[in-house]
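Generate coordinates for the entire structure from the input sequences, incorporating the hints supplied.
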Amino acid sequence: MSNLLTVENQKAQQELQPRVRRTLDYLQIALYKDVNPLDWEDWRWQLKHRIRSREELAQVIKLSPEEEEGLKKASGRLSMAITPYWSTLMDPDDPACPIRRQAVPVGTEFTVAPHEMTDPCAEDRDSPAPHLVHRYPDRVLLLATDHCAMYCRHCTRRRLVGEHAHQDNSSNRFDAAIDYIKSNRKVRDVLISGGDPLIMEDEEIENLLQKIRAIPHVEFLRIGTRAPVTLPQRITEKLANTLKKYSPVWVSIHFNHPKEITKRCKIACEMLADAGIPLGSQTVLLKGINDRPYIMRKLMQELLQIRVRPYYIYQCDPVRGTQHFRTPVAVGINIMEKLRGHTSGYAVPTYVIDGPGGGGKIPVGPNYILSQAKGKYVLRNYKGKIYTYLE
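Quick note on numbering: the working numbering labels position 153 of the sequence shown as 153, and the sequence is numbered without any gaps.
There's no promise every hint is true.
Pairs of lysine to aspartate or glutamate residues, derived as EDC-like cross-links and limited to a Cα-Cα distance of at most 16 Å, are as follows [unchecked claim]:
1) 259 - 94
2) 385 - 337
3) 259 - 219
4) 238 - 201
5) 259 - 25
6) 361 - 138
7) 244 - 302
8) 374 - 354
9) 62 - 94
10) 298 - 337
11) 244 - 274
12) 238 - 189
13) 211 - 270
14) 259 - 302
15) 72 - 94
16) 48 - 201
17) 376 - 391
18) 186 - 138
19) 259 - 91
20) 245 - 302
21) 245 - 204
22) 238 - 204
23) 245 - 291
24) 62 - 34
25) 361 - 126
26) 259 - 291
To be clear, the hints were calculated from the coordinates, so they are not data collected in a lab.
Here it is in structure tokens:
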């Protein structure tokens, strides 16, 4: 395939090659055996060559009957899109592979349970301006794009996110949202999410950051992304320096399984951390993927090793077509029981349920207060031993 990189990007990527050369295992996959390493490291090439069809996917994995059924039905907004990078992480022979299950549609995805909703977090209801959600008093969520590098099958925003013909890419599309933030002096925290805002061009990202940073009462800027996990090539020195320019900018990264923390992902996170950007993780509790305490503990501990602080574990939202991913709440509480006291405190996130109907994030966890009376608390520790605290 021809080299799609500009001369400037070639130079930058050639400088990066010594760090990523050991990660180029894609050549063993027939679909990519002729790909130029410089193309592989170009995030735009990765987006352009995402796996979108059954025929392409069949060259990477042996399809199961459930996947065949899912592929026949997966069309429209949340159709399949898998980056070439992510496809190299999938087990070609195991349909239960945790990487594969997050990306490949299955038939059960098209069965809707009675309690499932199109918009379980009621974001559309709490939208005072296009692209904006305002639920908490001092925080707003700005949905910067409908697109992601890869479309996760458990996506909460599947009503919005995906491939569609009429994406508004005009430079003034956020003006109403920016004007709303300017007019509401209580807003001190802006979370930019989507879709995935980091698949926007550097200039678009900088333009948006610049507009928000110009608002005097906005103190805290966050970006929610999965790009370091599904498209680590997107994290370039230029992007890291752009984010650094508008510091403090915090980045929350969606990790679900230890297998996602590859050498290439680590390089991407290192680039952000070395630019002084604080990193946190958000994880969705998913049946058959990370619902075992030892898997979640391993994920949290490995995140700390790449300088990502575990932040939230989410109960999987009751969004339409995700029943096969949801666990009982008791599973999440048990995981928290096996984390607290059994690993570093920094490796213990907060387990939350996003209250259906717009209730916001509600912390859920083991109960360590056994009883209380005036000035007296009876407590248990992580080993189950009983202690009394007197005020």
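Taken at face value, is the distance from the CA of residue 94 to the CA of residue 62 at most 16 Å? Status holds; Cα separation ~8 Å.
Taking only the CA atoms, is the gap from residue 72 to residue 94 under or equal to 16 Å? violated, 20 Å
Taking only the CA atoms, is the gap from residue 374 to residue 354 under or equal to 16 Å? Violated, because 33 Å separates the two Cα atoms, which is more than 16 Å.
Given the hint that residue 244 pairs with residue 302, test it: the Cα-Cα distance must not exceed 16 Å. violated, 25 Å
16 Å Cα cutoff - pair residue 361, residue 126: holds, 15 Å
Verify the proposed pairing of residue 245 with residue 302, using a straight-line Cα cut of 16 Å. Violated, at about 28 Å.
What's the verdict on residue 238 and residue 201, does the C-alpha distance respect the 16 Å limit or exceed it? holds, 11 Å
Quickly compare the C-alpha distance for residue 259 and residue 219 to 16 Å and report which way the hint goes. Not satisfied, since the Cα-Cα distance of roughly 35 Å exceeds 16 Å.
Taking only the CA atoms, is the gap from residue 245 to residue 291 under or equal to 16 Å? With a Cα-Cα distance of about 39 Å, the restraint between residue 245 and residue 291 is violated, given a limit of 16 Å.
Sort out whether residue 302 lies within 16 Å of residue 259, counting only the CA atoms. holds, 10 Å
Does residue 337 sit within 16 Å of residue 298, going by the straight-line distance between their CA atoms? Within the cut-off at roughly 15 Å; holds.
Decide if the proposed pair is consistent with the structure: residue 259 and residue 94, CA atoms, cutoff 16 Å inclusive. holds, 14 Å
Hint compliance for this structure: hints 3, 7, 8, 12, 13, 15, 20, 23 and 24 are not met, and every other hint is.
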